[in-house]
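Chains as they are written, first to last, in this note's numbering: chain A, 1 to 131; chain B, 1 to 313; chain C, 1 to 553.
It should be emphasised that the hints constitute simulated quantities derived from the structure, not laboratory data. These numbers come from a predicted model, not from an experiment. By construction, the Cβ of each residue, glycine as well, lies at the ideal position given by its N, Cα and C atoms. Hints are not guaranteed to be accurate.
Unchecked claim - Here are the simulated lysine-lysine pairs, DSS-like style, with alpha carbons at most 30 Å apart: (1) C/K464 to C/K493; (2) B/K12 to A/K80; (3) C/K479 to A/K102; (4) B/K242 to A/K82; (5) B/K12 to A/K82.
To be verified - Covered stretches of chain B (in silico footprint by chain A; criterion: 3 or more residues with CB under 8 Å from a CB of chain A, positions within the stretch not fixed): (6) 15-24; (7) 31-41; (8) 295-308.
What the hints assert, rightly or not - Some chain A residues well away from chain B (every beta-carbon gap over 12 Å; in silico): (9) A10; (10) N40; (11) E53; (12) D54; (13) L84; (14) D98; (15) D99; (16) K104; (17) N117; (18) S123; (19) N128.
Read off the chains here:
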Amino acid sequence: MERKIRVLTAKLGFDMHNRGMSVVNRALRDGGTEVVYIGNQFPEGIAETALQEDVDVIGISSLNSASSLELMERVMGIIKKKHLEDKLVIFGGIVLPDDVPKLKEMGVNEYFPPGSNVDSIVSYIKENVPQ
Amino acid sequence: MDIAKEVLNGNKRAVSRMITLIENKDPVAKEIINELYPHTGSGKIVGITGPPGVGKSTLVDQMIKEWRKRDKKIAVVAIDPTSPFHGGAILGDRIRMQDNFLDENVFIRSMGTRGAYGGLSKSTGEAVNVFDAAGYDIILIETVGAGQVEVDIAKLAHTTTVVVVPGLGDAIQTMKAGMFEIPDIIVVNKADLTGADDAVMELELMLAWAPKIEWKMSVLKTIALENDGIEELLDEVERHWKYLEETGMLYKREETRYEEELVDLVTENIKESVLKEIKSNGKLDMIVKKIVSRKITPYTAADEILAGLKPNK
Amino acid sequence: MEKSNIAKGKERKEVFTTSSGIPIKRIYTPEDVADLDYNRDLGPSGEDPYTRGIYPTMYRGKLWTIRQFGGLNAAEATNDRYKLMYQMGVTGFAIAIDDASLIGFDPDSPEAEGEVGVGGVSVFSLKDMEDMFDGLPIDKISTAVIQAINTTCPHTAMYLALAENRGIDLRDVDGTTEGDPCSFGGCSDLKANPAPVRQLMRLCGDLVEWCAINAPKWHPVSFTSYNYREAGVNAYQEIGGLVASAVDLIEEVLSRDRGLTVDDFVPHYTFHLASHNDFFEEIAKMRAARRMWCKIMTERYDAKDPRTKMLRFHVQTSGSTLTYQQPINNAIRVAYQSLAAALGGVQSLHACSYDEALCIPTEEAVTLSIRTQQILQNESNVTNTIDPLAGSYYVESLTNEVEKRAMDFFHQIEDHGGWTKALELGWLRQQTEKEAIKYEEEIRTGKRRIVGVNCFQMEEDPSKITYFRPDPEIYKKQKARAEKLKEERDNDKVEETLNELRDADDSGENVMPAMMKAVKAYATLEEMTDVTVRRHFASGTKSIFSHLSRMIE
Ligand code: B12
Ligand SMILES: Nc1nc2c(ncn2[C@@H]2O[C@H](COP(=O)(O)OP(=O)(O)O)[C@@H](O)[C@H]2O)c(=O)[nH]1
Ligand SMILES: [Mg+2]
């Protein structure tokens, strides 16, 4: 068997801040994972892509602390509806520190705030992807 | 989940999982493929190849849309190169295929080449068969290619379309070599840019030198961004299928495809078992040391290894 | 000279470089500026090549404008915020528009759900503009209409229509439109997608042309290298790109051959730069940019009007240097970056807030930003004399080096066929991404040290700050507002003006006269961008994201 970790990455909604996303995509590639990058998408599109691509990880990026919680709520809802709970869901970008627990309650596995070392993202994935 | 059964039912989740099993070379994949194989053979395989940035993904997105209008069920395999240094890949074709993937009768799957050369991954052929068995009428394969490397796609697909853009004189130049073997259709995309007509003319001139075969290769103009020329492209692809069917070439193409796949399978199998054998008991290491210390020549060593092989089950 | 000392002594690092990688010597001496010719390379401020500043008196005549970028929720809340800021002494506004409007959607559009009031204020019709500036003296204070490329014309038209309705002569309206189509593509990607980029360039050109005649005090375009600097490029690439993009729009307007010369419209250009962390490099960058611009306008375009040769600019301190961790530290970064802008000869300045990496700034945070600028202007006395760093061996030699590298980058862009072409080819995006990745790599390896992020971290932040949270009902409220507007206005009139707009757009004439009419009839942003922008994207392409991906990936 030659298993390769597959990661779906997306910018959430209209958020066009893609600097962090490209840095993370690159780090994931260099870390040996296969990144399916789809650019901007709404929650429905993200979940459907995860299904078609059979990824191990869903990585979502938004720097809009104003809308990210609401949209993530929708993402997590559809993930459940489509029975994709086996996927590791990680979120990067801006969430107010007070709101991070809410993100976790929704079922998001890990949050990577601005300033996160990209190595820590790669190693988190490698350690936590269900075998 | 009985994957084989669910794939045959068209269950997207099963299709998706099955492709992963194939890509990961999971041993169970083989059995499932055996079950699926009798149900394949009705899907049409269309290759879309050409240099990066010419608009292949954009074109594929528009082709999906048009074929949906013709009530076809469409699958796409979008292949991007895997980085040889890290083994990872950024598969970005989907960015341009955002118009149709929520359609129930559309399925898009991205793949890295995972060390294979020639623009396809080793799993592409099998993934195509999974889609075929799952009832997809058309399977589009997007792959990067420039020069002769697209030969692989031409062997797998029923119809191969090479995409170029105006002003890419170089690309046309590099294409020249494999020009007559590979494409069935040539598309000049981005016809909104200046020089499109010149490119068409240049290509048609080159085609005049093509060896005479019955199928007359044509050069079409498209503007993928504006959905222009797509219907004509589809018509031409369908005309090509008709030609294949009527002339018996369809059968011939499949023979070529499976001959290639069979040879690959056998070679791959032998290679794997040989490697397994000689790596597992430290033999490889020993022999290499002997070679380096000039006790034995590489040729003799290879002969010895082969001679000592136990036949694989 | 004590040359012997140079070799002696152990140093902390093997090489010292600026933020953009320019190697820096231990000490600079007259030798480093031996070639400097005062009259040719510096000259007094207000004179060719303007290295020391564009005005003869600079801050002794007029202090830079304190222009804070702001916008939140809807018009009313932003109006309150602007009034507060005005009271505190800002001398210019800059409207931060929300994501839905930036892309050109009305709040009652299905695409807008969750994006209304996000990242700025929702502005979709003249009505919003009226409410937002209610009670504010727009005849006395200048405003920057800052938006992405899609809504350049309609948003500007809304502001200008507001002024006209208030009885202000358009000739007297002062402000800036920041709809530089080039900048967004630079930080994101438009790859080979000429139809829309070119249409956006055309709209921008229309505004430039129209303003030159009708609103001569208005700056119809502000070339915003800030956007791609923040997306990744370094200091010298920033100004190389800045010049290249402005040159491209000059070519666009000149190619219309409608009788305008550079001296007719270039004096209205303005520029928007970043002030990043490397203190001296940023100062050198601003000085170099002025000199470079003057040279190109003189040598290439034979400009006669001195205003054509002056690089006027706004500076925004660099948001991307501000950290999520230990946010109060950001106040200090902002202060240094503001000081660099002052020493660099800025015309107007936005000082970021300490909560930059968290949320839209709170009232307290904005207040501190304004006070930072006021302390600089009123207490530090850096405004007493012009270009105080001129003649410094280090600053002069760094200015030369930055300019040299910027010129190189500019020529590379030209070799790719100019800014627009380089964008279409995806080349600029590649450069930006490459630099962003390099920057991140330096942080990762610790080569670039960031306090609170990869050194001097703390488990818990010592100071607690409050956060701004947008009105959770904003989407509903604005949606209702849009529906109400569409019911109450004269819809026949709207249709008539939109048809006129479509005709102008199709015929290639200037769209602005028709746009002004449509705006005054309360046509909405989405209706107008449907005509002037979305119509030009792939016909038959409905998905907002395929449209978006064409813009940014
Ligand atoms: C750079 C920047 C821009 C650039 C964008 C350039 C680009 N193409 O990316 C420009 C100048 C164009 C810009 C514009 C705007 N911006 Co801005 N911008 C920023 C800024 C200063 C830095 C972001 C950045 O790139 N950081 C560097 C990268 C490397 O870090 P990062 O993105 O955080 O990524 C790291 C982690 O978050 C994480 N991560 C990120 N994504 C992912 C994904 C996964 C899967 C994982 C695991 C991890 C991960 O890993 C990365 C590495 O550590 C932030 C403030 C800040 N300091 O964060 C504001 C900020 C994000 N912008 C903001 C706003 C409002 C805007 C505008 C809407 C303003 C306006 N009204 O015009 C516009 C419009 C943009 C739009 N339509 O989307 C707000 C958002 C408000 C909020 N949170 O509610 C912020 C927070 C500033 C503020 N306080 O007002 N912006
Ligand atoms: N001008 C123009 N640009 C196009 C056309 N088709 C695609 N593009 C653009 O070309 C770029 C590359 O397209 P993509 O589909 O990713 O190309 P691929 O690498 O061959 O798959 C994108 O920016 C597209 O928007 C077209 O017909 N005309
Ligand atoms: Mg592609």
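Inset, instruction - Verify the coverage statement for the region 295-308 of chain B against chain A, using a C-beta to C-beta distance below 8 Å and requiring 3 or more qualifying residues. - result: Since three or more residues must qualify, the claim that chain A covers the region 295-308 of chain B is violated, with 0 doing so at under 8 Å.
Legend entry - Non-interface claim for A/S123, where every Cβ of chain B lies beyond 12 Å: At roughly 14 Å from the nearest Cβ of chain B, A/S123 sits farther out than 12 Å, so the non-interface label holds.
Legend entry - Closest CB of chain B to the CB of A/N128 still more than 12 Å away: holds (17 Å)
Inset, instruction - Taking the shortest Cβ-to-Cβ distance between A/N40 and chain B, state whether it exceeds 12 Å. - result: At about 9 Å from chain B, A/N40 fails to clear the 12 Å cut-off, so the statement is violated.
Legend entry - Status of A/A10, Cβ more than 12 Å from any chain B Cβ: Violated, because the least Cβ-Cβ distance between A/A10 and chain B comes to about 10 Å, which does not exceed 12 Å.
Inset, instruction - With 12 Å as the threshold, tell me whether A/L84 passes as away from chain B on beta-carbon distances. - result: violated (9 Å)
Legend entry - Check on A/D98 being off the interface with chain B, judged by Cβ distance over 12 Å: holds (34 Å)
Inset, instruction - Decide if the proposed pair is consistent with the structure: B/K242 and A/K82, CA atoms, cutoff 30 Å inclusive. - result: violated (40 Å)
Legend entry - Coverage assertion for the region 31-41 of chain B with respect to chain A, Cβ distance below 8 Å, three residues required: violated (count 0)
Legend entry - Proposed proximity, C/K493 with C/K464 (alpha carbon, max 30 Å): violated (53 Å)
Inset, instruction - Would you assess whether A/K104, listed as outside the interface, keeps its beta-carbon beyond 12 Å of every beta-carbon in chain B? - result: holds (27 Å)
Inset, instruction - Compare the distance between the alpha carbons of C/K479 and A/K102 with 30 Å, and conclude whether the hinted pair is satisfied. - result: Satisfied, since the Cα-Cα distance of roughly 27 Å is no more than 30 Å.
The earlier numbered hints that this structure contradicts are 1, 4, 7, 8, 9, 10, 11, 12 and 13.
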